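Student: What follows is each chain in one-letter form.
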Amino acid sequence: MPIDIDIAHVARLARLALTEEELEGYRRQLGDILEHAAHVQDLDTSSVTPTAHPLGFVNAFRDDEVCPSLERAEVLAAAPEAREGYFVVPPALEGS
Amino acid sequence: MSVLEGWEAVIGIEVHVELLTQSKMFCGCKVGFGDEPNMNVCPTCLGLPGALPVPNRTAIEWISKIGMALNCEISETSVFHRKNYFYADLPKNYQISQFDIPVCHDGFLDVAVDGDTVRIGIERAHQEEDTGKSLHMGEGGRIHAATETLLDFNRSGVPLVEIVSKPDIRTAAQARAYAQELRNVILELDVSDAKLEEGSMRFDANISVRQEGAPEFGTKVEIKNMNSFRSLERAVAYEIERQVDEITSGGTVIQETRHWDEEAGVTHGMRTKEGSSDYRYFTEPDLVPIVIDATWQAEIRQSLPELPAERRARYADLGLDPHLAGVLAGADADLRAVFDHAVDAGADAKAAAIWITGEVTAWLRREDTAPGDSPLTGEWLAALVAMVSDSKVSASAAKDVLDGVMRGEGAPEAVAEGRDLIQISDAGAIAAAVDEVLAANPDAVERYQAGEQKVVGFLVGQVMRATQGKAEPKLVNELLREKLS
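These protein sequence lines map, in sequence, to chains A and B.
With the numbering used here, the residue at position 29 of the first sequence is 29, and numbering never jumps.
With the numbering used here, the residue at position 267 of the second sequence is 267, and numbering never jumps.
Hints in this document: simulated from the structure, not taken from any laboratory.
Check each hint, because a few of them may be wrong.
[Stated by the list, open to error] Okay, the calculated bits of chain A under chain B, using three or more residues with CB under 8 Å as the criterion:
1) 54-65
2) 75-86
[Unchecked claim] Distance condition first, Cα-Cα at most 20 Å in a straight line; then the derived EDC-like pairs of lysine to aspartate or glutamate:
3) B/Lys133 to A/Glu84
4) B/Lys399 to B/Asp348
5) B/Lys92 to B/Glu128
6) B/Lys30 to A/Glu65
7) B/Lys470 to B/Asp420
8) B/Lys350 to B/Asp334
9) B/Lys30 to A/Asp63
10) B/Lys399 to B/Glu413
11) B/Lys83 to B/Glu128
12) B/Lys30 to A/Glu81
13) B/Lys92 to B/Asp278
14) B/Lys470 to B/Glu446
15) B/Lys454 to B/Glu482
16) B/Lys30 to A/Glu71
17) B/Lys133 to B/Asp110
18) B/Lys195 to B/Asp332
19) B/Lys483 to B/Glu452
20) B/Lys195 to B/Asp35
21) B/Lys133 to A/Glu81
22) B/Lys166 to B/Asp110
23) B/Lys483 to B/Asp420
24) B/Lys30 to A/Asp64
25) B/Lys92 to A/Glu81
26) B/Lys474 to B/Asp443
27) B/Lys133 to A/Glu71
28) B/Lys133 to B/Asp204
These numbers come from a predicted model, not from an experiment.
The beta-carbon is built from N, C-alpha and C at its ideal position, and this holds for glycine as well.
Just chain B, with the same shape it has in the complex:
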């Protein structure tokens, strides 16, 4: 990475999210992934002459929710524009989108990267419609060798929200963290399934480089075709290095769109050059303005759930360290509810969080069980945590108790008794076992008295064995040392 010494990358990310409404943005056709081709189409989403679009009210509420979650200002009045271009998957030859007055503008998203929090500005979030899907047929499915194109318009007109960041991102790791945090927010809002592999969430990155401290931005290159967070991070890292190489070896960076090739791990120029003016934006005459007044905004704001950043802050307030708070905030909603109830029931937050993110999650994965199907309640988790801290069960026995609870054997106390896991913390009972062990191992006693301290470990083990592992280790240790000295 030494070539990058003294250079700074300036990165902005555009994210497209398909809203999972029942019906499309401007017509009543079903929104569905994986249906037979061209089953969900009508004159509007096929772009037939004379068809008129009517906006979906729910989509407008959902983009507002997205904007609010991203700390954006919501435009009281916004308008739709036509973005004109020719492509086979866009049968009207224009996409209904927004231009100078988007629904949402000027927000930010706080992103945790390597223990630091970075604030990434949000330029805007605007409402548009998705295009159809093209399948390029021919040799090996490669676009340049295609002999024909097949079109499916099921996706045409699906509500699409484009979220544009400010050029505040500086590293590939930040780019990835931003995209991941944005996805978490979208999922929390429950407005999209945001599946990268199915294309319901897609991202493009605008990247330029400049020498550290330079006031001007360098020439910007747009990178497309990243289908995972990993490929986004790789593509950005590759492109930063490519641009620095280009400049330091005496060349120049050209403004262009480049395609990320996942297998080769490189970007290729696509030789497309389109300026905003080439899209000849003009206001969509078929649609009247959208007015989201203060009353409507307040209603929408009321429906916002707790967002990932708010949740992490709440967990931190409960005493969890940032890492644990982050892991728990990303846990399944049912598990988080168990945690919250456990804390309400008086459980130590850190202990409860470690159970949820550790043993409980591992058990569910091992047994291939959905979190919602487990009988574990917050009260029971609190009881389990208390049993460990009160030394009623040993740490390892507690895992057995959890296993019993998860298998439906009842409350932790009942499981611990049923499985005979209650620790013996009665000093008298343990003392009897200690006496027996000392009597049976005179040589060990002699070695200890000769100064071999570590033999205590062996004797503790013997007592634990004699009590089937149920004696409280701390008490055993104390009693042994007492009797040996």
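Here chain A stands alone, though its shape is the one from the complex:
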């Protein structure tokens, strides 16, 4: 059963400007993926332990210790625009 996808919305969330043709292609590909996932969901996994991560270990932590940060001049040199220690970017409007 084909799954209904608002592909334009998905593209907008990912900030991708896609042509009609590309949208159609991705709709088909994403649809295949979702269908496959739906098949997997049909399987009886009641005897399988849930897995959050393929690595078989937990609790990889660091101690709460301060390490040296980068040189600011070096950091800002990588930015298209910087001023008085800040990165400068086009106006960012909430919700736009």
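Place chain B on chain A using the hints.
Tutor: Same frame as chain A, but now just chain B:
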């Protein structure tokens, strides 16, 4: 408020608290407020490709402490998720947060409101990272007139705990009381400075209204930008009334985010609409699960201090009324220690509490002195309380004694003697003064004997004057009446 008659508000509050760890959540950059911009940044908190996050163990312990203090269950296993969205202050384009398995869930906080205790459920508390800070430059700093945005990533990656209440709050006053009590708990745990004005504690409110008794919730509106407890209370009160007005005048409430305008005292719609699915949460592949097993939980639980509610209950057990217990529970820790020691030394708890929250606090404020710098000890406070109850000094002289103690003149007894404040409670000495006063005021004596009872007050005053205020007033009164009759 008559428009609100028959309506009920349903309110949930989301609180964000920045943890005051030494280093950030996923990298070793310093956590600091007020540093020069972009001094505490590295590939991880700048979101540079290839950088890998490593969680701060202390932050995980602290969020567990928060959860335990809020009576939450601690998830033995929890996982991090990526919350995906685009905004300039989030350079990775996703925030590392938690989704379906937070560290803490299903707790509660008891809050005192107008003499009643209201239990507010806690839905969850999860660990995430803060974003950078944006400064919108342009006309008057107004966001909509901005021509460019300046970014500072010092705050990016600071450990952030989001605490979500259940929709158990019904009034603006409850909303405020909940936020204040939560802040007290956080401060007690010593895991954040929880400064509203600096943004290390921030809150959003979800508000809907329904007719009393209605089974369904109304449409929910999220209110942002409240920077004080007062503005939280005002914003919630305003929004409840706005929604009821909207419905009773034939309109509908739309699900939206609204911005509180402190100056105008109103909320404005922000026309943003984001569903949870738009964040496309998925498990953070760079981080393995967190397991806080029973042993670790027990260790963390051991480090919990006495919490404000426990302290209020302990004070109430000592015989303090709820108001006094509440004021004392909110007093400075050094002052509370003096109180506890005074009670241990045998002081009457109520008297000691009144001294601490009244005269001692007033003295420190007047003299601009930190509680920790005062020489007052619990033993001395107990001695002072005893001197008053044993009538060794009068109530007003006791304030002078305290002044001397606070100025380092020594123990209360020494101060009272040094400042010549000991009451004369020797009946013989007072009787002599009474005789003198009666002899010097024959007309007053005559008026009393003619039935003018209130003249006693004048005579007591004269005796007090003759004894430089040191005679015990009760004894003076007794002796006077005895000799006059």
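Student: Could you work out which earlier hints the structure fails to respect and list their numbers in ascending sequence?
Tutor: When the structure is compared with the hints, numbers 12, 14, 17, 23 and 26 turn out to be violated.
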